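Chains as they are written, first to last, in the numbering used here: chain A, 1 to 298; chain B, 1001 to 1298.
Treat the hints loosely; a few may be bogus.
As the list claims (entries may be wrong) - With a cut-off of at most 25 Å between alpha-carbon atoms, the simulated PhoX-like pairs for lysine-lysine come out as follows:
| id | chain 1 | residue 1 | chain 2 | residue 2 |
| --- | --- | --- | --- | --- |
| 1 | A | 55 | B | 1105 |
| 2 | B | 1265 | B | 1039 |
| 3 | B | 1283 | A | 84 |
| 4 | B | 1137 | A | 39 |
| 5 | A | 242 | A | 183 |
| 6 | A | 137 | A | 208 |
| 7 | A | 55 | A | 11 |
| 8 | A | 39 | B | 1265 |
| 9 | A | 39 | B | 1105 |
| 10 | A | 183 | A | 198 |
| 11 | A | 39 | A | 283 |
| 12 | A | 105 | A | 39 |
| 13 | B | 1198 | B | 1183 |
| 14 | B | 1055 | A | 105 |
| 15 | B | 1283 | A | 105 |
| 16 | A | 242 | A | 208 |
| 17 | A | 208 | A | 283 |
| 18 | A | 198 | A | 242 |
| 19 | A | 11 | A | 84 |
| 20 | A | 39 | A | 11 |
| 21 | A | 39 | A | 55 |
| 22 | A | 265 | B | 1039 |
| 23 | A | 84 | A | 39 |
| 24 | B | 1198 | B | 1208 |
| 25 | B | 1105 | B | 1084 |
| 26 | A | 190 | A | 163 |
| 27 | B | 1105 | A | 137 |
| 28 | B | 1242 | A | 105 |
| 29 | A | 283 | A | 198 |
| 30 | B | 1183 | B | 1242 |
To be verified - Computed spacing ranges between beta-carbons, pair by pair:
| id | chain 1 | residue 1 | chain 2 | residue 2 | range |
| --- | --- | --- | --- | --- | --- |
| 31 | A | 164 | B | 1089 | 55 to 61 Å |
| 32 | A | 298 | B | 1032 | 52 to 58 Å |
| 33 | B | 1187 | A | 32 | 41 to 47 Å |
| 34 | B | 1032 | A | 259 | 35 to 41 Å |
| 35 | A | 176 | B | 1138 | 40 to 46 Å |
| 36 | B | 1261 | A | 23 | 44 to 50 Å |
| 37 | B | 1200 | A | 143 | 45 to 51 Å |
| 38 | A | 298 | B | 1261 | 47 to 53 Å |
Derived from the structure by calculation, the hints contain no laboratory data.
Please read these numbers as outputs of a predicted model, since none were measured by experiment.
Ideal Cβ placement from N, Cα and C applies to all residues, glycine included.
Number of protein chains: 2
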Amino acid sequence: MWRLMEVECVKIVPGPASIELGRKIAHLIDVEVVPLTFKLFPDGESYLRLDGDIKGEEVVVVQTTSPPQDTNLLQLLLLCDAVKELGASEVTAVVPYLAYARQDKRFLQGEAVSVNTVIELIQSVGVDRLLTVNIHKEEVLERFDISAESLSAMPLLAEYFLKRGLAGAFSLAPDRGAVELVKETDAILKGGFGWLKKERDRITGEIKVEVEELEVRGRDVVVFDDIISTGGTIATSVRILKQQGARRVYAACVHPLLIGGAEEKIISSGAEDIVGTDCVPGKRGVVSVAPLIAEALG
Amino acid sequence: MWRLMEVECVKIVPGPASIELGRKIAHLIDVEVVPLTFKLFPDGESYLRLDGDIKGEEVVVVQTTSPPQDTNLLQLLLLCDAVKELGASEVTAVVPYLAYARQDKRFLQGEAVSVNTVIELIQSVGVDRLLTVNIHKEEVLERFDISAESLSAMPLLAEYFLKRGLAGAFSLAPDRGAVELVKETDAILKGGFGWLKKERDRITGEIKVEVEELEVRGRDVVVFDDIISTGGTIATSVRILKQQGARRVYAACVHPLLIGGAEEKIISSGAEDIVGTDCVPGKRGVVSVAPLIAEALG
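So that you can see chain A by itself, here it is in the shape it has in the complex:
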């Protein structure tokens, strides 16, 4: 599903955290890449220099804000500000993984609603349009004053499994919040979908999963989520599926943060593989969101 598209005069600036993805998008929409000189000073400050003219151009900055979030976010801000200062007529920020998006409300009195600050910061440097992928909660987009859109990479993940012979696999959401995601994958894998009921004990903070019988005996299953962080929820889901007699079980997500021992935890619980997208670069980012972003820009 990679195709070449014509786009109005646009230049792409791949930021340090998304160099490969930025180049892929530029290739797909056949536009110029503005190379960037990037280094870290010995004290840890980022140095950024654009090696190309962008005066009067529509510029797309591609920079994810996966860990190290703060550094990647600051580079995004420095870059967008520089692009604007150097005379770009319009700046689109493509931020495949938007950091702090889960801190979206004041759960306790006095808390910083961090995603609101991140939105303000992005807007303060003159970004005209934001594109992200599978933001944790869609409602957050409404808080932007600028155009802000979240694309879904779930179809791309489902197609990845389809190509690997997983047609008819069952799509499982590890909790109720991910049901909308598996509806999308089920439209492609067509093996039915379900979800687990997860509850956090308000006193101990412990997460309990209420186990219901799923129609998975002897069948392949993919557990889909937007983010895999420490991997606990996914590992529990995989274990339950194996106990219920599932054949092969895969873990898939858009944003494979995979903190600490997440990969080992998931694999040792019985998963065949962990598949993510290049919203979070790294060895699990095997599915590229470049076609998705290229289409949205086109």
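Following the hints, put chain B in place on chain A, whose structure we already have.
Same frame as chain A, now just chain B:
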């Protein structure tokens, strides 16, 4: 020189990077500290919660942005934004060390002028007033739309040496840019001052110091600078002073970043000690800027 001062109704929020300094300032001006719950999520995101009421209050947030700059800067922004959102009538940001202040102009075409972005970010979260200490270049302050002031900690550093029997010590600036600093210390130590001529070779990037005879034979000398980063310039200065027969040589600065092996480099070049302020917390931040900031807030 620690004294108690009366200030209008103000509350101080010490940020995670300046907890001790924030508390010292609050003690000196005798105002309430608003405690902060702070943690890092496993993926590296900062969580901040104010445990006290600040509605309608003038709030002073104290948070330095020394390394890790990006994380400390983001915490500053999250904190100021939260304080404003929670109803503070006025927010003063005390940022003892201002990150990215040395990236203050476009040395090469296409470069990000990072300090300009940092200024925009600070202003975007509703900060009404900024206080910093020995900003690398005073001119940068003019770029703020809000009230912005840089205090000098040089007298505090000089007094530290005065109390340790260094009256009459020679004040040396390691380069021409630091001359204004040693004029301030000389007003207290009264042993005369001078500077070294430093030149960067435009082709090799190597730094050469032109050695002139200084009046230091048999005398105590303190080398003063605003920032000590990798320590190369200071170590060279100390070596030259020892070669010219100086007795005891000390290195002192406001912002002891001391990257990598800087401390060893300076000590092994012959320095007796390295003295810094708590603008950059750590074992070399022995001189507190709390009285300086307390006075400016008073």
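Hints, one by one, checked against the model:
1. A:55 x B:1105: Measuring from Cα to Cα gives roughly 19 Å; hence the hint holds.
2. B:1265 x B:1039: Answer violated: residue 1265 (chain B) to residue 1039 (chain B) is near 35 Å, above 25 Å.
3. B:1283 x A:84: violated (41 Å)
4. B:1137 x A:39: holds (23 Å)
5. A:242 x A:183: Status holds; Cα separation ~22 Å.
6. A:137 x A:208: Satisfied, since the Cα-Cα distance of roughly 23 Å is no more than 25 Å.
7. A:55 x A:11: holds (11 Å)
8. A:39 x B:1265: holds (24 Å)
9. A:39 x B:1105: Holds: residue 39 (chain A) and residue 1105 (chain B) sit about 17 Å apart, inside 25 Å.
10. A:183 x A:198: With a Cα-Cα distance of about 18 Å, the restraint between residue 183 (chain A) and residue 198 (chain A) holds, given a limit of 25 Å.
11. A:39 x A:283: holds (23 Å)
12. A:105 x A:39: Judged against 25 Å, a Cα distance of about 35 Å means the pair is violated.
13. B:1198 x B:1183: holds (18 Å)
14. B:1055 x A:105: holds (19 Å)
15. B:1283 x A:105: Answer violated: residue 1283 (chain B) to residue 105 (chain A) is near 38 Å, above 25 Å.
16. A:242 x A:208: Holds. Residue 242 (chain A) to residue 208 (chain A) sits at ~18 Å (cutoff 25 Å).
17. A:208 x A:283: It is violated: about 30 Å lies between the C-alpha atoms, which goes past 25 Å.
18. A:198 x A:242: holds (18 Å)
19. A:11 x A:84: With Cα atoms ~13 Å apart, residue 11 (chain A) and residue 84 (chain A) stay inside 25 Å; holds.
20. A:39 x A:11: At roughly 22 Å apart (the allowed maximum being 25 Å), residue 11 (chain A) and residue 39 (chain A) satisfy the hint.
21. A:39 x A:55: holds (24 Å)
22. A:265 x B:1039: This hinted pair holds, its Cα atoms lying about 24 Å apart.
23. A:84 x A:39: holds (21 Å)
24. B:1198 x B:1208: It holds: about 6 Å lies between the C-alpha atoms, which stays within 25 Å.
25. B:1105 x B:1084: violated (31 Å)
26. A:190 x A:163: OK: residue 190 (chain A) and residue 163 (chain A) at ~14 Å, within 25 Å.
27. B:1105 x A:137: violated (39 Å)
28. B:1242 x A:105: With a Cα-Cα distance of about 60 Å, the restraint between residue 1242 (chain B) and residue 105 (chain A) is violated, given a limit of 25 Å.
29. A:283 x A:198: This hinted pair is violated, its Cα atoms lying about 29 Å apart.
30. B:1183 x B:1242: Holds - the C-alpha atoms of residue 1242 (chain B) and residue 1183 (chain B) are around 22 Å apart, at most 25 Å.
31. A:164 x B:1089: 55 to 61 Å: holds (60 Å)
32. A:298 x B:1032: 52 to 58 Å: Holds, since residue 298 (chain A) and residue 1032 (chain B) (Cβ atoms, about 56 Å apart) stay within the stated range.
33. B:1187 x A:32: 41 to 47 Å: Violated - the Cβ-Cβ distance for residue 1187 (chain B) and residue 32 (chain A), about 57 Å, lies outside 41 to 47 Å.
34. B:1032 x A:259: 35 to 41 Å: Cβ of residue 1032 (chain B) to Cβ of residue 259 (chain A): about 37 Å, so the range 35 to 41 Å holds.
35. A:176 x B:1138: 40 to 46 Å: violated (57 Å)
36. B:1261 x A:23: 44 to 50 Å: With a Cβ separation near 37 Å, residue 1261 (chain B) and residue 23 (chain A) fall outside 44 to 50 Å, so the hint is violated.
37. B:1200 x A:143: 45 to 51 Å: Distance hint for residue 1200 (chain B), residue 143 (chain A) holds at roughly 47 Å.
38. A:298 x B:1261: 47 to 53 Å: holds (51 Å)
In summary, the numbered hints that this structure violates are 2, 3, 12, 15, 17, 25, 27, 28, 29, 33, 35 and 36.
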